[in-house]
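Undergrad: Turn these sequences into a full structure, and let the hints steer you where they fit.
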Amino acid sequence: MPIADFKQRFKGQISFIRADQPGKMAIAFQMIVPGFSYDLARAGKGPSHGWMFLSTYNTEQANSLLEVNASQRDKDFVAAVSWKAIDACVKAGKGRPASVEYLHNVVEEFTRIARTERLTTVTQLEPKDCPGAMYFLPTPKSPHGADVDPTGEYITAGGKLASVIPVHSFSKMQKAIADKAFEGELDGIPVLTYESTLAGEVQNPGLGPLHTEFDGKGYAYTSMFISSEIVKWKLGTWEVVDRVPTYYSIGHLMIPGGGTRKPNAKYVIALNKITKDRYLPTGPELTQSAQLYDNTGNKMRLLLDFPTEGEPHYGNAIEAAKIKDKQLKFFKLAENRNPMVARAERETGVTRDGKKVHVRMTAIRSHFAPDNIEGVQLGDTVLFHVTNLEQDWDVPHGFAIMGNTNGELLVMPGETRTLRWIPSRVGVFPMYCTDFCSALHQEMQGYVRVSPAGSNVALTGTLSRGPSAAPKAGGEKE
Amino acid sequence: MSRLVRTLVVVAALLMSAAYALPLWRVSLFAPQYPEGLGMLIRVNTVDGVKEHDLANINGLNHYIGMKRIEPDAIPELRFMPVLLGGLIVTGLGVAALGKRVPFAIWGTALGALLLAGLADYWRWGYDYGHDLDPNAIIRIPGMSYQPPLLGTKQLLNFRATSWPASGGWALVLAAALVAFALYLAFSRRARADRTSARVASVPFMVAA
Numbered sequence: 001m002p003i004a005d006f007k008q009r010f011k012g013q014i015s016f017i018r019a020d021q022p023g024k025m026a027i028a029f030q031m032i033v034p035g036f037s038y039d040l041a042r043a044g045k046g047p048s049h050g051w052m053f054l055s056t057y058n059t060e061q062a063n064s065l066l067e068v069n070a071s072q073r074d075k076d077f078v079a080a081v082s083w084k085a086i087d088a089c090v091k092a093g094k095g096r097p098a099s100v101e102y103l104h105n106v107v108e109e110f111t112r113i114a115r116t117e118r119l120t121t122v123t124q125l126e127p128k129d130c131p132g133a134m135y136f137l138p139t140p141k142s143p144h145g146a147d148v149d150p151t152g153e154y155i156t157a158g159g160k161l162a163s164v165i166p167v168h169s170f171s172k173m174q175k176a177i178a179d180k181a182f183e184g185e186l187d188g189i190p191v192l193t194y195e196s197t198l199a200g201e202v203q204n205p206g207l208g209p210l211h212t213e214f215d216g217k218g219y220a221y222t223s224m225f226i227s228s229e230i231v232k233w234k235l236g237t238w239e240v241v242d243r244v245p246t247y248y249s250i251g252h253l254m255i256p257g258g259g260t261r262k263p264n265a266k267y268v269i270a271l272n273k274i275t276k277d278r279y280l281p282t283g284p285e286l287t288q289s290a291q292l293y294d295n296t297g298n299k300m301r302l303l304l305d306f307p308t309e310g311e312p313h314y315g316n317a318i319e320a321a322k323i324k325d326k327q328l329k330f331f332k333l334a335e336n337r338n339p340m341v342a343r344a345e346r347e348t349g350v351t352r353d354g355k356k357v358h359v360r361m362t363a364i365r366s367h368f369a370p371d372n373i374e375g376v377q378l379g380d381t382v383l384f385h386v387t388n389l390e391q392d393w394d395v396p397h398g399f400a401i402m403g404n405t406n407g408e409l410l411v412m413p414g415e416t417r418t419l420r421w422i423p424s425r426v427g428v429f430p431m432y433c434t435d436f437c438s439a440l441h442q443e444m445q446g447y448v449r450v451s452p453a454g455s456n457v458a459l460t461g462t463l464s465r466g467p468s469a470a471p472k473a474g475g476e477k478e
Numbered sequence: 479m480s481r482l483v484r485t486l487v488v489v490a491a492l493l494m495s496a497a498y499a500l501p502l503w504r505v506s507l508f509a510p511q512y513p514e515g516l517g518m519l520i521r522v523n524t525v526d527g528v529k530e531h532d533l534a535n536i537n538g539l540n541h542y543i544g545m546k547r548i549e550p551d552a553i554p555e556l557r558f559m560p561v562l563l564g565g566l567i568v569t570g571l572g573v574a575a576l577g578k579r580v581p582f583a584i585w586g587t588a589l590g591a592l593l594l595a596g597l598a599d600y601w602r603w604g605y606d607y608g609h610d611l612d613p614n615a616i617i618r619i620p621g622m623s624y625q626p627p628l629l630g631t632k633q634l635l636n637f638r639a640t641s642w643p644a645s646g647g648w649a650l651v652l653a654a655a656l657v658a659f660a661l662y663l664a665f666s667r668r669a670r671a672d673r674t675s676a677r678v679a680s681v682p683f684m685v686a687a
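Just so you know, the protein sequences line up as chains C and B, in that order.
What the first sequence shows, in my numbering, is residues 1 to 478, in sequence order.
What the second sequence shows, in my numbering, is residues 479 to 687, in sequence order.
It is worth saying that the hints were derived from the structure and are not from the lab.
Beta carbons are placed, not taken as given, at the ideal position from N, Cα and C, and that holds for glycine.
Among these hints, one or two may not hold up.
Here are the computed lysine-lysine pairs in the DSS-like style, where the Cα-Cα straight-line distance is at most 30 Å [to be verified]: (1) C:K141 x C:K217; (2) C:K160 x C:K299; (3) C:K326 x B:K529; (4) C:K160 x C:K141; (5) C:K322 x C:K217; (6) C:K128 x C:K91; (7) C:K45 x C:K266; (8) C:K355 x C:K324; (9) C:K91 x C:K45; (10) B:K546 x C:K332; (11) C:K266 x C:K232; (12) C:K232 x C:K45; (13) C:K322 x B:K529; (14) B:K529 x C:K324; (15) B:K632 x B:K546; (16) C:K329 x B:K578; (17) C:K91 x C:K24; (18) C:K45 x C:K329; (19) C:K332 x B:K529; (20) B:K529 x C:K329; (21) C:K24 x C:K266.
Residues from chain C shown here face chain B by an in silico Cβ test under 10 Å; the list is partial [what the hints assert, rightly or not]: (22) R261; (23) D392; (24) P396; (25) A439; (26) L440; (27) P467.
Here are the computed distance ranges between Cβ atoms for each label pair [said to hold, decoys possible]: (28) B:D612 x C:R301: 58 to 66 Å; (29) B:N636 x C:E319: 52 to 60 Å; (30) C:T460 x B:P627: 41 to 49 Å; (31) C:D394 x B:Y498: 53 to 61 Å; (32) C:D394 x B:F558: 54 to 62 Å; (33) C:H104 x B:D612: 46 to 54 Å.
TA: Right under this line is the structure:
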């Protein structure tokens, strides 16, 4: 298929992932939609619970020079999708199985083993299979993100090329649907008129409005990418009440709990795309920049300008008290169900299974058991199954071996993890702890001897029991 | 023996039985990187941690200074202490039932002697753990020993060690005090001559107990 057929033949899809059972997320169904670009989504709340709001861009369906060709229409859309309606349609058998291919990755909690499953079917449906489940709300211009206020009534969508911030009303949208205030239809999706859903527009907010957070006190805070500022405005009157500069070109912004029904708006954080003169050029790239603002008064006030990892694309915060006293500090060794666990040093050992050598190993401050391994042959694959025996907070151990081409291990207290190592030559190779664990962290090392293939060196794993256990004969001198 | 003395002995015996359920002694350790503390509870039949893994973590730290692992199974006292305590409780109840002064005196003296012996034995174990260190220990500081205090607080390297009787220990202390008071009532001539006033005087004491 030629790329030029993009507009005629490409479709978009929105995947709905169920998250109602802890640890068992899965694709519930997919909606096949017009081939636009679909952007960030927010769930409705209160009266709009059961709906999702997504922004779209490139409704022009350009396939080349998008910066110009995808910026021609003065309005794109906010897609309002009732996932509850689609769920009901799927349950009524309106969906059909589609042949697809995707990977589903799960880390089992008690074995800490990651498994990849290749799945080949998914339930898909089209808007015409489920009337009333999806509508387009015209929105100026190339919006980037749709945000729902704490009451669930207002949906803002900052159009990055728009000169106003449009705010849609959920109740007006419901009325427009009932009144059939449609200006057209796209692939079975009714397009509502702009005026029928519009609650208001924030005039002259600044340039490049992107994302909006809410304080739960009737105000909204929108990031302005081009004019590098946060603009605070009032819901209902749509007037700008405050603005504060950011350094520079803010993308997302964050109020703790700002996306929930009960924000805690003591602080606002700006997450920026450009740094320029904020920090010295330590290289290779400039560090990234973010700002923390006090939001307890009428005026936002800069508290802290801080460097951060790049680029700080998105953030969310909740009150520490919701987590602090419920956190698990380490994995319980007694609950470790990894098949290669060694719960004590006496359970460690080295075994051969054809060309595979399994090393059941433990780590505790500050040694591995065993720490001298012999009998490995060139051509073997060595699997180090390292169990961290610590049962205390914040005592991970690392594991690496020289010549390893894989990622090294970071093993949390009570956890078992496996590193696969294929020795590339004959010799003695050091292995060591790679996470600073104690005053004797650097001494936490050992050696693996690799012999030629067919060698008669016996397979052993040993650990010295210290000078006091050594035989007296020989007269060890200090 | 008066009814009051016999009652005091029965109450003391019942208090002593609390030591089966409650810890006798508590040793707590605090260091800058252990703000939440590590702690050890000495019970009549075992030693365990205040938190689930505290004892294992204390043993893990002790290996740096070459202290022996604290293994409750390796301490014979923890096997016969419950029997000894049971014997004291049963004979105490027997003494109260019998109501004779001489067996009571023998029992009271034995109780005091055994409690003191237990304390001395606990101190001896502490001394042994604190002084009998592996000569090949990772950290060796000439002249330094690590005996925890019997009572009070002591700085041991980076750890502040605190040792006090725990609830079961206080129950034994109170039982011993009651028995001492009962012995006084039973044997003091003045108290015997003026039993009525002693009984009156003892009432607030019993209430306070």
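Undergrad: If a hint holds in the structure, say so; if it does not, say that too.
TA: Results for each hint:
1. A distance of roughly 28 Å separates the Cα atoms of K141 of chain C and K217 of chain C; the hinted pair therefore holds under the 30 Å criterion.
2. With a C-alpha separation of about 25 Å, the suggested pairing of K160 of chain C with K299 of chain C holds against the 30 Å cut-off.
3. Of the supplied pair hints, the one linking K326 of chain C and K529 of chain B holds, its CA atoms being roughly 16 Å apart against a limit of 30 Å.
4. Restraint check for K160 of chain C and K141 of chain C: satisfied, since their Cα atoms lie roughly 7 Å apart, inside the 30 Å limit.
5. In summary, the hint linking K322 of chain C to K217 of chain C is supported, as the alpha carbons are separated by about 22 Å, within the 30 Å threshold.
6. Proximity of K128 of chain C to K91 of chain C is assessed by CA-CA distance (about 16 Å); at most 30 Å being required, the pair is judged to hold.
7. Straight-line distance between C-alpha atoms of K45 of chain C and K266 of chain C comes to about 22 Å, which keeps the hinted pair within the 30 Å bound.
8. As the CA atoms of K355 of chain C and K324 of chain C are separated by approximately 47 Å, the hinted pair breaks the 30 Å bound.
9. Distance check on the hinted pair: K91 of chain C and K45 of chain C sit about 23 Å apart at the alpha-carbon level, within 30 Å; holds.
10. Restraint check: the Cα-Cα separation between K546 of chain B and K332 of chain C comes to about 25 Å, which is no more than 30 Å; the hinted pair holds.
11. For the hint pairing K266 of chain C with K232 of chain C, the CA-to-CA distance comes to about 14 Å; that is within 30 Å, so the pair holds.
12. The hinted pair formed by K232 of chain C and K45 of chain C meets the criterion: a straight-line CA distance of about 22 Å does not exceed 30 Å.
13. Under the criterion of a C-alpha separation no larger than 30 Å, the hint pairing K322 of chain C with K529 of chain B is consistent with the structure, at around 23 Å.
14. Annotation: proposed proximity of K529 of chain B to K324 of chain C holds, straight-line Cα distance about 18 Å (limit 30 Å).
15. Taken as a hint, the K632 of chain B and K546 of chain B pair is honoured in the structure, with Cα atoms around 20 Å apart against an allowance of 30 Å.
16. About 59 Å separates the Cα atoms of K329 of chain C and K578 of chain B, which puts this hinted pair outside 30 Å; it is violated.
17. Among the hinted pairs, K91 of chain C with K24 of chain C is consistent with the structure: their alpha-carbon atoms are about 19 Å apart, no more than 30 Å.
18. Proposed proximity of K45 of chain C and K329 of chain C is contradicted: the alpha carbons are some 34 Å apart, above 30 Å.
19. For the hint linking K332 of chain C to K529 of chain B, the alpha-carbon distance of about 13 Å falls within 30 Å, and the restraint holds.
20. Taking the CA atoms of K529 of chain B and K329 of chain C, the gap is near 13 Å; set against the 30 Å cutoff, the hint holds.
21. As the CA atoms of K24 of chain C and K266 of chain C are separated by approximately 35 Å, the hinted pair breaks the 30 Å bound.
22. Interface hint at R261 of chain C: violated, since its Cβ lies 35 Å from the closest Cβ of chain B, which is beyond the 10 Å cut-off.
23. Interface restraint check: D392 of chain C against chain B, minimum CB-CB distance 5 Å, threshold 10 Å, status holds.
24. Hint status for P396 of chain C relative to chain B: violated, with the closest Cβ pair at about 15 Å, above 10 Å.
25. Using the Cβ-Cβ criterion of 10 Å, the hint placing A439 of chain C at the interface with chain B is satisfied: the shortest such distance is roughly 8 Å.
26. With a cut of 10 Å, the hint placing L440 of chain C at the interface with chain B holds, because the nearest CB-to-CB distance is about 7 Å.
27. Evaluation of the P467 of chain C hint against chain B yields a held restraint, the C-beta minimum of about 5 Å falling below 10 Å.
28. A hinted range of 58 to 66 Å for the beta carbons of D612 of chain B and R301 of chain C is consistent with their spacing of about 59 Å.
29. N636 of chain B and E319 of chain C have their C-beta atoms about 34 Å apart, which leaves the hinted 52 to 60 Å range violated.
30. The hinted range of 41 to 49 Å is satisfied by T460 of chain C and P627 of chain B, whose Cβ atoms lie roughly 46 Å apart.
31. Taking the beta carbon of each, D394 of chain C and Y498 of chain B are about 37 Å apart, not inside 53 to 61 Å as hinted.
32. Separation of D394 of chain C from F558 of chain B is about 40 Å and departs from the stated range, judged on CB atoms against 54 to 62 Å.
33. The supplied range of 46 to 54 Å is met by H104 of chain C and D612 of chain B, whose beta-carbon atoms lie about 52 Å from each other.
Of the numbered hints listed earlier, those contradicted by the structure are 8, 16, 18, 21, 22, 24, 29, 31 and 32.
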